[in-house]
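Asks: Here is how the chains run, residue by residue.
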Amino acid sequence: MGADLHRPTIPIRLTVNGRLVEAEIEPRLMLLDFLRDHLGLKGAKRSCDVQVCGACTVLLDGVPHSACCTLAYEARDREVTTIEGLAQDGRLHRLQQSFVDHTAVQCGYCTSGMILATLSLLNENPHPSQADIQHHLKGNLCRCTGYWNIFEAIHAAASGEDGSE
Amino acid sequence: MLGVFEIHEPQTVEEASRLLGEYGFDASVYAGGTELLILMKEGLVHYPHLVNVKTIPGLAEIAVEDGHLKIGSLATHRQILRSPVVKEHAPLLAEVERTVANVRVRAAGTIGGNLCFAEPHSDPATLLMAWGASIELTSASGSRELPVEEFLLGLFATARQDDEILTAIRMPLPPEGMVGAYRKFTTHERPTACAVALLKITDGVIEDARLSIGSVGPLPVRVRAAEDVLRGEGPGGAAFEAAAEAAFQAADPVDDIYGSAAYKKNLIRVLTTRALDEAAEKAAGGTS
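As they're listed, the protein sequences go chains Y and P.
FYI, in my numbering the residues of the first sequence are 18 to 182.
FYI, in my numbering the residues of the second sequence are 3 to 290.
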């Protein structure tokens, strides 16, 4: 009992990439550590660790959040989407495919965050302007500075030029 | 990793207030966590008890009430910038909220948390200062309301007592025809310097003016000297120059990672002029 008093845990139940997950966690556990270390989902990256760079972006009920600064506790009864949840039946999501086709990847560290943040934009605004995209992705940093290929990949996916529409 | 803590889930403001009173320095209010969790991760602060006020129903509501726009303290930046009520009654607040940090911070961060943290580079605090908004603080023993100028006391310091919870922000509905603009210069997540101008222009004469500057001192500052020189004058030219000069004089920045004091002071003159120009354009165009 003594140990429990000092290290309280709480049960959580959530959906991760469409699968129900139940776990007993300490409230101090960050969502990023839960996803990477407990569930083995390594797509979300730790980089700045202070909500500036976007490498750890995941979607909580479809909305981008920084997994590095979000308690796993906050994901209770919610739906978490990571980059691993996008491909279906072994086929990349069209946005992922567009990133590949436009070489919108250099080192790749920002890519999963870029794609998830973009997906949340396209879900609300299927045909965003360049200004819309830049505003929405302001907090997703590509330290290789490969922004133009990223914008081209997004415009192509949004306009259906990737051949998927 | 964060230190060990217990999380409490009060169902009412009274219950939250009692928990905060009981644990004192060992407890912190927990809402969006955008500021608190970073400090806890860095080991700069540790609280063995977090009181999650998000489990209290009704604290995120946005509504017009008694001639005021009432923003529940748990409304996130994202909720505020998307709120049709805000767009109708305080479109400038929606504009300001749209520029806070980034899309993830806006999704998690609450306006109440932003104000209670009293980070000197807060975007909404500068607007609320010009607006003449007030802050509702509630504890188990009752509520009180303070003008935002009396709520914000200094760097990371507010008038909130340990057992009080910021429950709402009240913004008086602006006079008919008053329009405003927000201008900031940013290289980091938070502004280096910012200015808010609100103008009511009738028949080519400035009838009412509110002006505040932010991010260049421990607190945003309402520049009443600038408001005084604007009232009764025509928009533009000498009046705007005099107001920008008053803002320049009111700015008391320090050298830091955001820039030199001299640079920031100059930015205040530039941003004040641009905010005034934009507000005057909006007034002329009949939009807010």
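Think of the hints as simulated: they come from the structure by calculation, not from any bench.
On a predicted model such as this, the values are computed, not experimentally measured, just so you know.
Take these hints with a grain of salt, some might be off.
[As the list claims (entries may be wrong)] Straight-line C-alpha distance at most 30 Å; calculated DSS-like pairs for lysine-lysine:
{"no.": "1", "chain 1": "P", "residue 1": "Lys56", "chain 2": "Y", "residue 2": "Lys155"}
{"no.": "2", "chain 1": "P", "residue 1": "Lys89", "chain 2": "Y", "residue 2": "Lys155"}
{"no.": "3", "chain 1": "Y", "residue 1": "Lys155", "chain 2": "P", "residue 2": "Lys202"}
{"no.": "4", "chain 1": "P", "residue 1": "Lys43", "chain 2": "Y", "residue 2": "Lys59"}
[Claimed, not checked] Looking from chain Y toward chain P, a few residues come up when the C-beta cut is under 7 Å (computed):
{"no.": "5", "residue": "Val80"}
{"no.": "6", "residue": "Gly107"}
{"no.": "7", "residue": "Arg108"}
{"no.": "8", "residue": "Lys155"}
{"no.": "9", "residue": "Leu158"}
[Unchecked claim] A partial selection of chain P residues facing chain Y, derived with a Cβ cut-off under 8 Å:
{"no.": "10", "residue": "Leu41"}
{"no.": "11", "residue": "Gly45"}
{"no.": "12", "residue": "Val47"}
Backbone N, C-alpha and C define an ideal beta-carbon position, used for all residues, glycine too.
Asks: Hint by hint, note whether the structure agrees.
Replies: Here is how each hint holds up against the structure:
1. For the given pair, Lys56 (chain P) sits about 27 Å from Lys155 (chain Y) by alpha-carbon distance, which is consistent with the 30 Å threshold.
2. As the CA atoms of Lys89 (chain P) and Lys155 (chain Y) are separated by approximately 23 Å, the hinted pair is consistent with the 30 Å bound.
3. For the hint pairing Lys155 (chain Y) with Lys202 (chain P), the CA-to-CA distance comes to about 33 Å; that exceeds 30 Å, so the pair is violated.
4. For the hint linking Lys43 (chain P) to Lys59 (chain Y), the alpha-carbon distance of about 21 Å falls within 30 Å, and the restraint holds.
5. A cut of 7 Å between beta carbons decides the hint on Val80 (chain Y): the least distance to chain P is about 5 Å, and the hint holds.
6. Checking Gly107 (chain Y) against chain P: minimum C-beta separation of about 30 Å lies over 7 Å; hint violated.
7. Taking 7 Å as the C-beta cut-off, the interface hint given for Arg108 (chain Y) is violated, the closest approach to chain P being about 27 Å.
8. The interface hint given for Lys155 (chain Y) holds, since its Cβ lies 6 Å from the closest Cβ of chain P, which is under the 7 Å cut-off.
9. At its closest, the beta carbon of Leu158 (chain Y) sits 10 Å from a beta carbon of chain P; the interface hint therefore is violated under the 7 Å criterion.
10. With a least beta-carbon distance of about 10 Å to chain Y, the hint placing Leu41 (chain P) at the interface is violated under the 8 Å criterion.
11. Violation of the interface hint for Gly45 (chain P) is found here, the shortest Cβ-Cβ separation to chain Y being roughly 12 Å, above the 8 Å cut-off.
12. Contact between Val47 (chain P) and chain Y, as hinted, is not supported at the beta carbon level, the nearest pair being about 13 Å apart and thus beyond 8 Å.
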